[in-house]
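Chains as they are written, first to last, in the working numbering: chain D, 1147 to 1368; chain Y, 955 to 1224; chain S, -16 to 254.
These are calculated hints, taken from the structure and not from any lab test. Glycine included, C-beta positions come from ideal geometry on N, C-alpha and C. Treat the hints with caution; some may be incorrect.
[Stated by the list, open to error] In the DSSO-like style, the derived pairs of lysine-lysine whose C-alpha atoms are separated by at most 27 Å in a straight line are:
no., chain 1, residue 1, chain 2, residue 2
1, Y, K1212, D, K1281
2, D, K1281, Y, K997
3, Y, K1164, D, K1281
4, Y, K1052, D, K1192
[Unchecked claim] According to the in silico footprint, chain S covers these stretches of chain D (three or more CB under 8 Å from chain S):
no., stretch
5, 1190 to 1197
6, 1219 to 1228
7, 1233 to 1240
8, 1277 to 1285
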Amino acid sequence: MGMIITKYGAVLMRAMGQTLLLALLGLFFACIIGMIFGLMSVIRNKPCNIIAMIFVDGIRGVPMIVLAYFIYFGIPYLLNNTFKIGVTLSALQAGTICLALNCGAYMAEIIRAGIQAVDIGQMEAARSLGLPYWKSMRRVVLPQAIRMMIPSIINQFIITLKDTSILSVIGFPELVNRAKGVVANTFMSFETWGIVAVMYLIVILALSRCAKILERRLNHDR
Amino acid sequence: MTDKTPYTMSESKDAGVYTPDGGHKSSGNVKIHVSHLQKVFGKLEVLKDISTDIYEGEVVVVIGPSGSGKSTFLRCLNRLEEITGGIVEVDGVDIVGKKTDINRVREHVGMVFQHFNLFNNLNVLDNLTLAPVELKKASKEEARSDAVRMLARVGLEDKAGAYPSQLSGGQKQRVAIARALCMHPDIMLFDEPTSALDPEMVGEVLQVMKQLAAEGMTMVIVTHEMGFAREVSDRVLFMDGGYIVEEGTPQEVILNPKEPRTKDFLDKVL
Amino acid sequence: MKKNLTMLLAVSAITAAMTTGALAGEAKTFKIATDTVFKPFEYPDENGEQIGIDMEILEAIAKDQGFEYTMDVLGWDASIAACQAGQADGMIAGASITDERKENGWQFSDGYFYATQSIAVKGGSDIKGFDDLKGQTVGAKIGTQGETYALSLADEYGFNVTSYEDSPSMYQAVIGGQAVACFEDTPIMITTIEDQGLDMKVVEGTANEGSPYGLAVFSDDEQELLDLFNAGLANIVADGTYEEIVSKYLGEAAAADAVASFGTAAETEAE
């Protein structure tokens, strides 16, 4: 085990860095996507509701590994052969899109549920004062909804962080991808996976800890 | 349909001004004109045919059994409920009109809810200043000093920094009234403002409402407080089954009801 | 007393018989793990039967040495773990014999196939050598000698390496343009390109010195398996069975080369 740390510690740390980079990029865009589709599913507009529903159900109905293959190999193939547009996605780009879509679909559901959990009276009171819908949403409903969503969002963040390992299949050099390389080089399976498990654990525990602090802060004024 | 409502107001505004016996406050200007209002939820027809006019400075109390449509009627007046049929005009503006900006109408029509609906994410002061500032009715400073005045008016100037969760029910409702007043409305709608309160807190809220009535505010109040209705209102509407069954001064409707349904209801609540 | 003695004798006799049997390698059944697809060394045929050079060599050696074995198609990663955990006695999966693996407590049989690594590119590509890879992305398979080879050249020639989990993804990346070239064992690439009819070609002159494949075991207790394998391997090379097997999968020329390389492989081992 010591040998792996001295010889491959740097490789694994770099891979953890790539894992975090991918997770952060994916989560950033997932939040935007989730917000857009989450709002689209709560507003009173049938076409928007339907589009949001198709997006969420579509993405949730496809395993992420399939989505990853499709985005990385399928989309450039389609563009090249059907539309004659020579585009290729790097593993990071494809991985980010894949995580953003996948996590975004779950975020949309969390946001929808969060908004719907805010008492309808809050929106009515805001509207009764003459505040337009979006102002009421932004100033009254969303702040309360987000507070309720935080535990679910943190949970989703952790899931997404772990889901980055799936993107090993498109060759993104994240932790699992590199760990497989280390195992193949050293033939030290348990030692390597043990180290990898501890690395994930440390990062996720730290994230959970931060989440707890954030949650307490936000609830301070209640 | 109309023949089922034995006591309906005249449908056109100039056909005659209804002057209740004690209606000294009615100056003759119609603030809210309701004509053949109908509201359907899915298959359920909650309001069948409602027509009435509410005059400037008038205090109208709406009573009736639960499910009679009185809350729905009130919520139609500022279009919190979409109107299925008929006309509602506020200050002569058709509130379902294509060119009507309902938000502008609502700025003049304050509303107080049964469950207070204070913004839980904001403290009392921010609850009061949110709408005036967001709608550019006042600068932040103006809105703040105005809010403090309104809080003083409801006797809660010391609660400006508190969050809704730290207030009692009665305090919440007084803040809610102050919040509505900060928009300087000329009509106030009250949807069962004391129904969710512990009995000992009902008085403080009614006191504030009495004060408002005395200052000449046009008010439409859905309530079960018969004492308050008798003491403060200019006119009482008794609703049942989606119609206004009987209306008149509190002496007429509450003390000498003509309709059997009104008598029935009053027997149960008094 | 007498009865007891008879009993004791009987038990000893049985124990002795069992022990001798085990020592002679007659009763013991070895559990061997292998990769799912590493064509043409191991891969499933149309019926799902695992075939390939590794499979046939082991079968021939077992027949020659008279031992029994079962084959578990676990995949590369799980095969390593299974050997470490003692769930398998050894693995045969085109595993290159490297010093690093040996340093970590693994032992290998004699090399049974000498493989070089090269690059392959898309059919119409004008890449002629490593110099043309500057600024480009190349593909490799995680944990293979091809990957090691690619990484050893990456800095010198200024290209990026993306490591895929399996061969199909790697070839798909070259065809789809996500990578301009891929690094893998030369015989494997030749077979894959031919079998799949891929629009790709191996770039000549890009092969490294290569290293031999061996049967790998993790525990010292498995010395017996290595001894049997080595003895059997020498026999099947000598009697032409080995050449026959390789020829079946890689053609006669490659088979002749493979047989000829035995001298070289042995030397490398000796170093």
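Within the stretch 1277 to 1285 of chain D, is the number of residues with a Cβ closer than 8 Å to a Cβ of chain S three or more? It is violated, with 0 qualifying residues against the three required.
Is Y:K1212 within 27 Å of D:K1281, Cα to Cα? Answer violated: Y:K1212 to D:K1281 is near 48 Å, above 27 Å.
Regarding the pair D:K1281 and Y:K997, is the alpha-carbon distance no greater than 27 Å? At roughly 32 Å apart (the allowed maximum being 27 Å), Y:K997 and D:K1281 break the hint.
Can you take a look at whether the stretch 1233 to 1240 of chain D is actually covered by chain S? Rule is 3+ residues, C-beta closer than 8 Å. holds (count 4)
For the pair supplied as a hint, Y:K1052 and D:K1192, is the alpha-carbon distance within the 27 Å limit? holds, 21 Å
Between the stretch 1219 to 1228 of chain D and chain S, see if three or more residues pass the 8 Å beta-carbon test, and mark the coverage as holds or violated. holds (count 4)
Given coverage of the stretch 1190 to 1197 of chain D by chain S, tested with a Cβ cutoff of 8 Å and a minimum of 3 residues: violated (count 0)
Would you mind confirming whether the straight-line C-alpha gap from Y:K1164 to D:K1281 stays at or under 27 Å? violated, 33 Å
Checked against the numbered hints above, the structure violates hints 1, 2, 3, 5 and 8; every other hint is satisfied.
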